[in-house]
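Since the structure of chain A is already known, use the hints to place chain B on it.
One line per chain: the protein sequences are A and B, in this order. Reminder that position 220 of the first sequence reads as 264 in this note's numbering, one-by-one numbering, no gaps. Reminder that position 81 of the second sequence reads as 82 in this note's numbering, one-by-one numbering, no gaps.
None of these hints come from the bench; they were simulated from the model. Worth double-checking, as some hints may not be accurate.
Listed below are the simulated BS3-like cross-link pairs for lysine-lysine, each with C-alpha atoms no more than 30 Å apart in a straight line [claimed, not checked]:
1. Lys268(B) to Lys120(A)
2. Lys268(B) to Lys238(A)
3. Lys238(A) to Lys120(A)
Which bits of chain A does chain B cover? Going by a derived footprint, with three or more residues having C-beta under 8 Å, they are [to be verified]:
4. 188-199
5. 267-273
6. 301-313
Derived list of chain B stretches under chain A, where covered just means 3 residues or more per stretch with a C-beta under 8 Å from a C-beta of chain A [to be verified]:
7. 64-74
8. 108-118
For each residue, glycine too, the CB sits at the ideal point set by N, CA and C.
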Amino acid sequence: MPELCGIELATPVINASGTYDAIAARQAFGDALLEDFPFAAFVSKTITPEPRAGNPPRRIWETPAGMINSIGLPNKGLEGFLAEDLPRLAELPVPLIVSVMATTREDFARCIERVARRREVAAIELNISCPNVHSGLIVGENPSETEALLDALRPLTEKPLIVKLTPNTADPASVAAGAERGGADAVSLINTLKGTAIDPVTGAPALGNGYGGLSGPAVRPVALEQLRSVRARVELPIVGMGGISSGADAAEFLALGAAVVAVGTESFRDPRAGSRIATELESSLLSERSAEPVLDLD
Amino acid sequence: MDSAPLPRPGAASRAPFGRRRCEVASNRDSGGYRVVSLVDREGPEPEPGQFYMLAAATGWGARDGRAFLPRAISVAETMPAAGGGIRLDFLLDAVGPGTGRLCDLEAGEGVWIVGPLGNAFASPREVAPGAAGAVLVGGGVGVAPLALQRKRFAERGIAHRVLLGFRDRAHTGGLDLFCGSSGALCPEVRLATEDGSQGVQGRVTDLLLPILAGDDAASGVIYTCGPPAMLEAIRALCAEHGVSCELALESPMACGFGACFGCAVPKPGGGFLRLCIDGPVLRGDAVEEVSHAYA
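Next comes chain A alone, as it looks inside the complex (with noise of 0.2 Å):
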């Protein structure tokens, strides 16, 4: 059975963080959404330590194979995800995996320490990538400053630290290895590419927010290879995402390495993707060929 820092799992698919609100599909689709639910985890949408309204629209742009999004990481902040929605998630029949992130180390530890009592909570994520908000690029594009933060915010949990890392880095391996040396049990990749687009009848940036985060199958090589080379240099277990759409495309992650896949923006066009491409896992060939993880592919 597949598993990550000790949780079990039912497949090795899970969702990437903030592609899917499992609240808001239990409203759409009703209680069919618990009885086949489409990912063997869940990870939360990121919460903030104080509730944040995110970005002004326009907020997506479709992009050849893929999207941009400027969501902005709208959520209840801290207090209110812990008194409404945790109890909600916890009623999801799959470990819950919490997506945080804050702009000081005190934040984040009061995050953490919060979140991580609470046992509804399998595992924590640090979002230190969001391409989005500005303060989430500098703990992600540095790694004595991921390692830092590691440092200060491991002592205060036993459950397992998953750090996700942004692509928008010169060498993301050489941060995972700051999140490995901080004590971190798992990193997660890839996170939205930092894009651009311009709306061609006003001339201007496309997005409210100027610039945003592109995701979908657009983006599968870059994470792919950046699965590569994180996975050439820790030995941290890894999540390994960017544009999975099918079975196939989970194979290449499992491939190279990924102990697990997330599956984000497919979500938005087939709402039981994670289901689809755990059966399509199942039969790929490539899964069954690639046993054992190819680390030497230069």
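Chain B in isolation, oriented as in the chain A frame:
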């Protein structure tokens, strides 16, 4: 971004979980738009105002990697399908790679659908207790959900009038959804065209204004869907005259079920709602200003 409940328009049908593949039954012209009919063997009957996410099963992404995301389209008409299930009619205008591909669908082709999604128009009495009737005000491709609402009003004996705005006689897409394909105007439908080539010359708001200014205006509820500038004009007019209204809005939407957070619409007092799960039908007082910025 507070989670305070908004006034909630009418009860909606709930979508089966996941996408399903439907077959195109027909694709016909409607005054410059297309009416694409799909046969849905699994889903429930949608309520007026609800929408579906649509993506052609083949050829999606064929234009320079687009369309990539499904397109949110309101349902314009439903009826029992031969052989079981329901026929869903969608009014489409080819404005980009997604709607362009949908407009090219041929009978027998497959379409991935998710839906029905979102909320629905409320009945006049749910909007305003004591309301005696309704006025449906539509423009362009936005006449679609009003056609289904109008059918429900007729079935339930709710008094209503219909005001539709079009560019000119050659661009009256969707009119036949209200009046049949003969083109003969049914008595309760009034038209405005910008050049006066059919109906009254002017805008649909020119038809609405005398109704809003009338003595019995407050006894009616306005239901509207159309271009953002039209919706904003109607929202403002209704607010000015103290008449209740429901607006069916449009917004860029990647998923339709609350996952992407793309369809943000500003709320009065700050924050945003997600049009896919909090709408697409909003009460006039739940909207600050209808703007091209998010429509």
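Hint check results:
no.: 1; hint: Lys268(B) to Lys120(A); verdict: holds (16 Å)
no.: 2; hint: Lys268(B) to Lys238(A); verdict: holds (28 Å)
no.: 3; hint: Lys238(A) to Lys120(A); verdict: holds (25 Å)
no.: 4; hint: 188-199; verdict: violated (count 0)
no.: 5; hint: 267-273; verdict: violated (count 0)
no.: 6; hint: 301-313; verdict: holds (count 4)
no.: 7; hint: 64-74; verdict: holds (count 7)
no.: 8; hint: 108-118; verdict: holds (count 3)
Checked against the numbered hints above, the structure breaks hints 4, 5 and satisfies the rest.
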